[in-house]
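Residue numbers (the numbering used here), protein chains in the order written: chain C, 1 to 434; chain Z, 1 to 434.
Among the hints, erroneous ones may be present.
The list treats identical chains as one, so a pair stands whether inside a single copy or across any two.
[Claimed, not checked] With a cut-off of at most 27 Å between alpha-carbon atoms, the simulated DSS-like pairs for lysine-lysine come out as follows:
1) 423 x 246
2) 423 x 8
3) 8 x 352
4) 273 x 319
5) 246 x 273
6) 246 x 113
7) 8 x 246
8) 212 x 423
9) 289 x 113
10) 352 x 423
11) 8 x 80
12) 289 x 8
13) 80 x 423
14) 289 x 423
15) 423 x 273
16) 352 x 289
17) 113 x 80
18) 352 x 319
19) 273 x 289
20) 319 x 8
21) 319 x 80
22) 113 x 319
23) 113 x 8
Honestly, the hints are just simulated from the structure, not real lab data.
There are 2 protein chains.
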Amino acid sequence: MSTPTDIKLYMEDVGRRARAAARLLARADTAAKNRALLAMAAAVRREQTVLLAANAEDIDAARAAARDAAFIDRLTLTGKSVESMAQGLEQVAALPDPVGEISEVRERPSGIKVGRMRVPLGVIGIIYESRPNVTADAAALCLKSGNATILRGGSESIRSNRSIARCVHEGLRDAGLPEDAVQVVDTPDRSAVSELLRMNQYVDIIVPRGGKSLIERVMAESRIPMIKHLDGVCHVYIDESADLAKAISIADNAKTQRYGTCNTMECLLVHEKIAARLLPPLARIYLAKGVELRCDERSRAIIRAELGPNDDAASLLVKAASEQDFYTEYLAPILSLRLVRDLDQALDHIAKYGSQHTDAIVTEDEACAQRFLREVDSSSVMVNASTRFADGFEYGLGAEIGISTDKLHARGPVGLEGLTSQKFVVFGTGQIRT
Amino acid sequence: MSTPTDIKLYMEDVGRRARAAARLLARADTAAKNRALLAMAAAVRREQTVLLAANAEDIDAARAAARDAAFIDRLTLTGKSVESMAQGLEQVAALPDPVGEISEVRERPSGIKVGRMRVPLGVIGIIYESRPNVTADAAALCLKSGNATILRGGSESIRSNRSIARCVHEGLRDAGLPEDAVQVVDTPDRSAVSELLRMNQYVDIIVPRGGKSLIERVMAESRIPMIKHLDGVCHVYIDESADLAKAISIADNAKTQRYGTCNTMECLLVHEKIAARLLPPLARIYLAKGVELRCDERSRAIIRAELGPNDDAASLLVKAASEQDFYTEYLAPILSLRLVRDLDQALDHIAKYGSQHTDAIVTEDEACAQRFLREVDSSSVMVNASTRFADGFEYGLGAEIGISTDKLHARGPVGLEGLTSQKFVVFGTGQIRT
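Just chain C, same shape as in the assembly (with noise of 0.2 Å):
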C-alpha cells in the first residue's frame, strides 16, 4: 500500500514538530502542565455548546452513512460527558508527576552512588475508532508523562476531535507550553495511519485503542512498538475448596457486571467435585439474566437436571460448547463453562485459551493460590476476586492509557509509570574506573 505524496509530506511535518516537541515537555515543570491541564478543562467546559454541536454534524454524517446504533452510541457526547472530560483533566492534573523521580539510589564499592531516574518515551502515537472523549483523555496523561502526542481518532469523529483539539492548545498555550505538544492527524485519508505506523524515526510507542479488527490491522502494520492487547479471554476457576458463597458472587460479578468490556469473563472453570453444588444455583442466576451457557458435556447435563422439563425458556439457553467457543471473546451475555478434573487441568485450559489478559481463582486453599498465582502467565492474575478489577483506576494508578497483553515494557493496565522509562543517573566525586 503506497501513501500518496501530500499525506506522506504531512505526516513527516507532522512527525518532525512531535519529535521536537517532545525535547522540550520533557523538560517542562510540573506545574506548566497542570496548569495547562487545568486550563483544557475550563476550555472544554466553558465550551461545550461548540463542542455538542460539532458532535452533532459528526453524528449527522455518521447516520447518513447508515453506522449502526452502537456506533452512534460510541460517538455521541452528551453534557454529561462533556464534563466527565473536563473532570479527567483535572484528574489527571491531582496525579503525581512520575517525571524526574530518582529511585534505588545505591552506592558502590568504586564510591559512585547509582540510581534511575524516570523520564518520558518521547513521542507517543494514538489510533483510535468513535469515541471523541479519547481525544482529551490520551492527550492528558501523555502530557503529564512529558509525552508529545500524535492523535488519530476515525475519520467520522474528526468534527468533535477538532473542537476538543482547540480546547487542549488554548490550554497548552496558557501554560508556555509548544501546541505541537499534541497534534490532530486532520486528515480523512486513512493512509495517514499507514504512515504513522512506519514513522520509527519519529515516534517511540503507539497505542491502539478499539477493537479487535483495528488491533490487528495496526500490529499487521506497524514498525513501531505498541501498548496493546487483542483479546480478553478471562477465565475464572472455582476450585474444590472454594466457598460457594463467594464463587457464585464473583463468577456472577466477572460476567454480568458489563458484558462489553475487556476483562468481563468469557469462560467459568469448574472443579467436578464442587460442581453439582455451585452450578445448579449460579446457572439460575445466569438464565434469569438472559445469558446462554455454552457447555461441555457434564456441565450442562447438571444444569439441565437442574431445570427440569418445564423450564423450556431456560433451556433453550443452555447448549453445547464448540472447541472454538473457549477462544472466543463473546462481549455479550454469552459464557463458556466447562468443568476440569483438578488445578492442573484449569492452568492447562488458561494456557491454551486464554488471551493473557486477566485470570481468577475462587479457593480458600492457600497453596493452590499460590500455584494460580505464579503459574497462570497473564497480566492480571486474581484469588477471590471479579476479574471486572482489572482497570487501571481500581489499581489506584489513576486513569489508563489502556491495557497491554504484551511483556515487555508494560504489562496489565498501564498509566503515567507506563509511559515513561527509567534511565541510569551516577553520581560520582571525580571516580575513574580502573
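Following the hints, position chain Z against chain C.
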C-alpha cells in the same frame, strides 16, 4: 530472502521446543536453577581439554579462511577464559532470583490488595558473533531469570559453541530441568537467523551481541522486539566550574582506559572559559598515549600553541574535525574535541550527535549538574565520573546481557531484572465490582 524448507522446519521445531521448555522453566524453583548452573560450571571445568580442542579446530578453520587477528583473538579460548566462564556461571548462581518476587502491594478502597509479581519473559533469542563464552554467559542469565534461550552464534565458532552447549545440557539434566531450556542453533546456514527473527510466535525478545553491522542487519529484519544498542558515541562535557584535576583524570580515563568498548568517550566538549587551562595539560596526556585529536578550530589553536614548533610528532596527531567525526564511534585512540559556549550548546551537541548511550558532565555547579542529568536523554547520565562505569557489573546488576539505548522495557545495562516482566496480582476475600 526465502528460507529453505528444511531450515524453516528445523527452526520451527526449535521454536516449539523452546516455548514448551519456557512454561516449565517459569515454574522451576530457585534451587533447581542454581543446581543446574553449578553443575554447568563443574562440567565446563572438567571438560576444559575437550573445549580447547574444539576451539582449536574453529581457530584452524578461521585461519584457513584468512580471518584477521582481531577476529581470531575474539574466537580464542584459553585455560584462563574457560575458568572465567565457569566462575561466571557460579556468579549467576549466587545472584538473587528475581522470579516470583512480589512488590508494591497496596490495599485499594474496594478492599482488594494489588501488587506486582516478577515473571520471566518467555523465550529469548541471542544472536552473537565469534565470542564462544557468550554461549555460557547468556544461557546462565536467561536460565536464572526463568527464560528459555535459543542461541545462534557465529558459524566460525560452532564447534566451540557445541561443546559448551554439551556442558550446559549436562547441568540442566543434573538438575532435572529440560534440555530444551537452552538450544544451540546447529546449522551453518545463515537463513536460520532470518527465520529466528521472524518467529514472533515462539520468541519474545532478541538480543543481538556484536558489531554494528550485525545489529543493523538484525534491526532491519526483525519482527521481534530487541534489547540492543547500535552506537556508543559517548561524551564528556567539562563545565566552566569543573575541578581541573577531576576533569583531567575523568577525561583521560574515559578515553584511554580501554579504546574498544562502547562506553569509551568518543567526543570531549569543553566550556570555552576553562579551555585555556584544561586543554594544554590534557592534550599532553592524550598525545603521549598516541591519541589522535580531531579538533574544532579553536581547540586546535590552543593545543597547537601549547605544542610549539618543536613538537612535530605530537603535532601530527592534532587534526581538524569534520562534521562526520562528531557522529563517529571510533573504538580507537581517536577523540573528537570541541569548545562550547555554555551548557546549552553542550546539550544541543549531545542531542544532535550523540547515540543516547552514556554521557557525563564534570562540574562543581549543582544547578548545571541537575540540568545535565535531567536533560541529557541517554541511557546513562553521569556527574563527575568516567563514562567507563556504564556497565552492569559496576552498577551492581551482577552481570549483563547487554546495554539498551532504547526506552521501551529496559534502558542502560540489562541484567536479570531486564529479562523479566511484572504482572499484576490481586488478593481478594470475595470482592466484586459495583
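Here's how the hints hold up against the structure:
1. 423 x 246: Between copies only: 24 Å across chains, 44 Å inside a chain, cut-off 27 Å.
2. 423 x 8: neither (33 Å within a copy, 39 Å between copies)
3. 8 x 352: Result: close only across copies, 24 Å inter versus 42 Å intra.
4. 273 x 319: Intra 22 Å, inter 83 Å, cutoff 27 Å: intra-copy only.
5. 246 x 273: Classified as within; 17 Å inside a copy, 73 Å across copies.
6. 246 x 113: between (50 Å within a copy, 17 Å between copies)
7. 8 x 246: neither (56 Å within a copy, 50 Å between copies)
8. 212 x 423: between (34 Å within a copy, 23 Å between copies)
9. 289 x 113: neither (60 Å within a copy, 30 Å between copies)
10. 352 x 423: This pair counts as between: shortest inter-copy Cα distance 19 Å, intra-copy 37 Å.
11. 8 x 80: neither (38 Å within a copy, 57 Å between copies)
12. 289 x 8: neither (51 Å within a copy, 51 Å between copies)
13. 80 x 423: Neither. Shortest intra-copy (41 Å) and inter-copy (35 Å) distances fail the 27 Å Cα cut-off.
14. 289 x 423: So residue 289 and residue 423 fail the 27 Å test inside a copy (51 Å) and across (33 Å) alike.
15. 423 x 273: Classified as neither: same-chain Cα gap 52 Å, cross-chain 30 Å, threshold 27 Å.
16. 352 x 289: For residue 352 and residue 289, neither the intra-copy (29 Å) nor the inter-copy (62 Å) Cα distance is at most 27 Å.
17. 113 x 80: neither (51 Å within a copy, 32 Å between copies)
18. 352 x 319: within (22 Å within a copy, 64 Å between copies)
19. 273 x 289: within (26 Å within a copy, 79 Å between copies)
20. 319 x 8: neither (52 Å within a copy, 42 Å between copies)
21. 319 x 80: neither (41 Å within a copy, 69 Å between copies)
22. 113 x 319: neither (64 Å within a copy, 37 Å between copies)
23. 113 x 8: Answer is neither; intra-copy 46 Å and inter-copy 48 Å both fail.
Hint compliance for this structure: hints 2, 7, 9, 11, 12, 13, 14, 15, 16, 17, 20, 21, 22, 23 are not met, and every other hint is.
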